[in-house]
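Chemist: Taking the hints into account, I'd like the entire structure generated from these sequences.
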Amino acid sequence: AQSVSQHNHHVILSEAASLELGCNYSYGGTVNLFWYVQYPGQHLQLLLKYFSGDPLVKGIKGFEAEFIKSKFSFNLRKPSVQWSDTAEYFCAVTGNSGGYQKVTFGTGTKLQVIP
Amino acid sequence: DTEVTQTPKHLVMGMTNKKSLKCEQHMGHRAMYWYKQKAKKPPELMFVYSYEKLSINESVPSRFSPECPNSSLLNLHLHALQPEDSALYLCASSQDLLLAGGGYTDTQYFGPGTRLTVL
Numbered sequence: 001a002q003s004v005s006q007h008n009h010h011v012i013l014s015e016a017a018s019l020e021l022g023c024n025y026s027y028g029g030t031v032n033l034f035w036y037v038q039y040p041g042q043h044l045q046l047l048l049k050y051f052s053g054d055p056l057v058k059g060i061k062g063f064e065a066e067f068i069k070s071k072f073s074f075n076l077r078k079p080s081v082q083w084s085d086t087a088e089y090f091c092a093v094t095g096n097s098g099g100y101q102k103v104t105f106g107t108g109t110k111l112q113v114i115p
Numbered sequence: 116d117t118e119v120t121q122t123p124k125h126l127v128m129g130m131t132n133k134k135s136l137k138c139e140q141h142m143g144h145r146a147m148y149w150y151k152q153k154a155k156k157p158p159e160l161m162f163v164y165s166y167e168k169l170s171i172n173e174s175v176p177s178r179f180s181p182e183c184p185n186s187s188l189l190n191l192h193l194h195a196l197q198p199e200d201s202a203l204y205l206c207a208s209s210q211d212l213l214l215a216g217g218g219y220t221d222t223q224y225f226g227p228g229t230r231l232t233v234l
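Protein sequence lines correspond, in order, to chains X and U. Quick note on the working numbering: the first sequence kicks off at 1 and runs consecutively. Quick note on the working numbering: the second sequence kicks off at 116 and runs consecutively.
If you're looking for bench data, these hints aren't it; they were derived computationally from the structure. Ideal Cβ placement from N, Cα and C applies to all residues, glycine included. Some hints could be false.
[Unchecked claim] If you want a taste of the chain U side facing chain X, the calculated C-beta under 10 angstroms gives, among others:
#, residue
1, Gln121
2, Thr122
3, Tyr148
4, Gln152
5, Lys155
6, Lys156
7, Pro157
8, Pro158
9, Ile171
10, Glu173
11, Thr222
12, Tyr224
13, Gly226
[What the hints assert, rightly or not] Straight-line C-alpha distance at most 25 angstroms; calculated SDA-like pairs for lysine to any residue:
#, chain 1, residue 1, chain 2, residue 2
14, U, Lys137, U, Thr222
15, U, Lys124, X, His43
16, U, Lys137, U, Ala195
17, U, Lys133, U, Gln210
18, U, Lys155, X, His43
19, U, Lys155, X, Asn75
Modeler: Here it is as structure tokens:
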């Protein structure tokens, strides 16, 4: 069965600090990886995704993530965070499970950016 | 248009009530999903519809009954719910499903959810 681990449950940063959120997955086959963001009171939005090709993926709002296959990781990064980045971030993986695409979400990381 | 809409935004119901949640998308997506999200937890998959047919039921109790009237609509009928069923119910859609023996996937787009409270 596939699983996703997000080690940081709650991260507090000052504005302009750099961000890296960890995501590790466990799955024996080909996976596709996603980062979703959920701003306070809003719905899940896609930040970025990796299907194949260049392992360094750039998403919206200055976020990027790097797929490192040997480490089963897909960490999210941003060089300089803003107060508006305060949100909950979910890493997700999809894989073939019994003939259908199943999305498994990590437990989420709550990011709080202090002005 | 990359929007998935859900109604109502909030719903309060008693344990003997019957209610329905609605989801709509006009992106031509052929796969639609229901998720349940409890506070401070990630979304958990409940049902998957592919080409208007129920593909997956993740061992969801029968008091939740999904329905896909057409390719743009997805309903979740609720009956005799329990207080522990209170949660945010999310709908999502994607262009297509991974086919048995195939090998591609697609992004799921989420609606804003329905906040359900069962008294």
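Chemist: When the nearest CB of chain X is found for lysine 155/U, is that gap smaller than 10 angstroms?
Modeler: Hint holds; lysine 155/U Cβ to chain X Cβ min 8 angstroms, cut 10 angstroms.
Chemist: Would you check the hint for lysine 124/U and histidine 43/X, treating anything up to 25 angstroms between C-alpha atoms as holding?
Modeler: Holds, at roughly 11 angstroms.
Chemist: Hint validation: glutamine 121/U versus chain X, beta carbon distance must be below 10 angstroms. Holds or violated?
Modeler: This hint holds: glutamine 121/U lies near chain X, its Cβ roughly 9 angstroms from the closest one there, short of 10 angstroms.
Chemist: Does threonine 222/U meet its interface restraint, that is, does its C-beta lie within less than 10 angstroms of any C-beta in chain X?
Modeler: holds (6 angstroms)
Chemist: Hey, lysine 155/U versus histidine 43/X, does the alpha-carbon distance stay inside 25 angstroms?
Modeler: holds (14 angstroms)
Chemist: Regarding the hint that glycine 226/U lies at the interface with chain X, is the smallest CB-CB distance below 10 angstroms?
Modeler: Holds: closest Cβ of chain X sits about 6 angstroms from glycine 226/U, inside 10 angstroms.
Chemist: Any CB of chain X closer than 10 angstroms to the CB of isoleucine 171/U?
Modeler: holds (6 angstroms)
Chemist: Could you check if proline 157/U really has its C-beta closer than 10 angstroms to a C-beta on chain X?
Modeler: Cβ of proline 157/U sits 4 angstroms from chain X, so the hint holds.
Chemist: Is lysine 155/U close enough to asparagine 75/X, meaning Cα to Cα at most 25 angstroms?
Modeler: holds (21 angstroms)
Chemist: Quick check on the hint: threonine 122/U CB to chain X CB, less than 10 angstroms?
Modeler: violated (13 angstroms)
Chemist: Hey, lysine 137/U versus alanine 195/U, does the alpha-carbon distance stay inside 25 angstroms?
Modeler: holds (18 angstroms)
Chemist: Straight-line Cα separation of lysine 137/U and threonine 222/U no greater than 25 angstroms?
Modeler: holds (21 angstroms)
Violated hints, in rising order: 2, 17; the structure is consistent with all others.
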